[in-house]
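> Listed below are the residues making up each chain.
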Amino acid sequence: MSIVVENISKTFGQFVALRNVSLSVARGELIALLGPSGSGKTTLLRIMAGLEKPDPGSGPIRFEDEDVASRNPQVRHVGFVFQHYALFRHMTVAENVAFGLRVRPRRLRPSRSEIRQRVQKLLKLVQLDAFANRYPSQLSGGQRQRVALARALAIEPKVLLLDEPFGALDAKVRMELRQWLRRLHDEIHVTSVFVTHDQDEALELADRVVVMNQGRIEQIGTPDEVFHSPATEFVTTFLGQVNLFHGRVENGKVHFATLAWDSPEHAAMPSQPVRVFVRPHDFHVASHRNGAPAFRATVRRVHSAGPNARLELVAESGESLWVEMPLDVCRARNIVQGSPVFLTPRDVKVFAESPH
Amino acid sequence: MRLALKRHGVLPGFGLTLGLTLSYLSVVVLLPLTALLLKAARADLGQLWGAVSDPRVVASYRLSFGASLAGALVNAVFGLVVAWVLVRYTFPGKRLLDALVDLPFAMPTAVSGITLTTLYAPNGWIGKWFANAGIPVAYTPLGVTVALIFTGLPFVVRTVQPAIADLEAEVEEAAASLGASRWQTFWRVILPSILPALLTGFALAFARGLGEYGSVVFISGNMPMKTEIAPLLIVTKLEQYDMVGACAIALVMLGVSFLFLLAINGLQWWSRRYAMS
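Chains A and B, in that order, are what the protein sequence lines are. The first sequence: position 271 = 271 (my numbering), numbered continuously. If you want my numbering, it's the position in the second sequence, counting the first as 1, plus 1000.
Accuracy of the hints is not assured; some may be wrong.
[Stated by the list, open to error] Computed from the model, here is a short list of chain B residues facing chain A with C-beta under 7 Å:
1. Val1171
2. Glu1173
3. Ala1176
4. Ser1177
5. Gly1179
What the hints contain is simulated information worked out from the structure, not anything from laboratory work. Nothing here was measured: the structure is a model prediction, and the numbers come from that model. The beta carbon of each residue, even a glycine, is placed where N, CA and C say it ideally should be.
Bound conformation, chain A alone (with noise of 0.2 Å):
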């Protein structure tokens, strides 16, 4: 089932969650909504399942073909996730599992014996089926999404919503959930929407990644393309580290720290100032200049636990930046606490200075 938002806006009192945010997910994708706190990611998943009402003038939130906008969440169909659980703790895992399915009226409730076969069904699918007659607060953490998934499951939803399902996990866990997620995805194939805070998770478990902030939606698209192609400046800084310069764009040069760097995409930019962000992966580190254009920096620190070195390092014009270097190459290069380095930018991203 696809989902297709247009023109949502929701305001709690004077705070301003989502302006008109528009939004489309294929059927059987697995979208992420990623962002900071107070981005508006959460609001707009409970407005698709109904548990939150758009403000009046808001555009439709379409099922396929269909228009939700006025429904109750009972009618959607939505299967919901929450960040703590929310599990029915009066109640065994597989009476939580099977709520959905007693609640129904008569006529379209399965008999007993279905239920029950279909409970067993869903706990096998989340590995629990040893936990059947345990309530929720004998299982640990992990277990517990996984009851809440199976729950919701159950109900054969159309859309499958998850508010930072991996939020209340430790590490270790959110991890092995992760993956446990998307190969239940690439089973069960329900249209799915998760939303969460943290890039990593976001990158690796979604087909598209929508990345808002201050209720807005910033940019849609791939891991890969949000990730190397970001639009915007936030989406930029928001995705892994990035070294900042502030430099000026003149006749499709880019001018930071000492460099003049040469960037065809930026010849129709008009002289101004700008910021221009490399990631700290890339920068080519020689010890001795070769000709390539670089700029030199002193290195004031090495951090060489774990399989790439990195660099603190100071440039000639005075930014302090991060390098991130292959261990060997920097021990083969014979780089250490005060040597000097030049530092050629393999790719830079250049936003134009926003006025403040």
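We have chain A already, so just place chain B on it with the hints.
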């Protein structure tokens, strides 16, 4: 045994607080009860049985337990509604209403008894409507129940309120997204969550009803065999210097109440079985 006790002692002060608890309970609760038992133990069985099997006493038991139970049941339902409204909604005058709930706690019971009697008497503001409909309230078992509803209300409201406030909004949203109607959500999700608190409130209201004296004796009219409550009979016996009779009636009340409270405790344990792991 020493070791077993020590094992609980992760938090400091276990020995001190347990000792205090035991001595406090002994002085406040156990000592008077023991005195009661000792007094009764001095009488012979025939005398005791004669006192408790007197038809007038049996009728008073029936009234005391029946009216307390009815009052507690009514309070369980309406106290839940009051608590729900006080927690879930905001409206002008909410704080005032909230404070009003405690009034039955604070009012001298005789004052509430006389007020209720005036209101519910056949010529009273409320009583006359009932009298017109052919249902006398004051000086009947119904009147006793009304008085016990009045005194028991705060017990239910005050125990259920925090339980309702603790309910997670997300759990109700989960139920809604799974297709449950508001009624199904209340019945299957909310009520089971607050049931332990509701049972506690019910038990407290019931126990209070059994012992209530001041507010009841005015509205009941105290007609032997009809509207005489057991505590009143105990006082009557005492005034006649019939210590043994008073003790005997008290012992039976004590025993039955204890069994009731035990049963309610069992029910509570059952309703909280999910929390045990």
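> Compare the structure with each hint and give your call.
Evaluated hints:
| no. | hint | verdict |
| --- | --- | --- |
| 1 | Val1171 | 5 Å, holds |
| 2 | Glu1173 | 5 Å, holds |
| 3 | Ala1176 | 5 Å, holds |
| 4 | Ser1177 | 4 Å, holds |
| 5 | Gly1179 | 5 Å, holds |
Consistency with the previously given hints is maintained throughout, with no hint failing.
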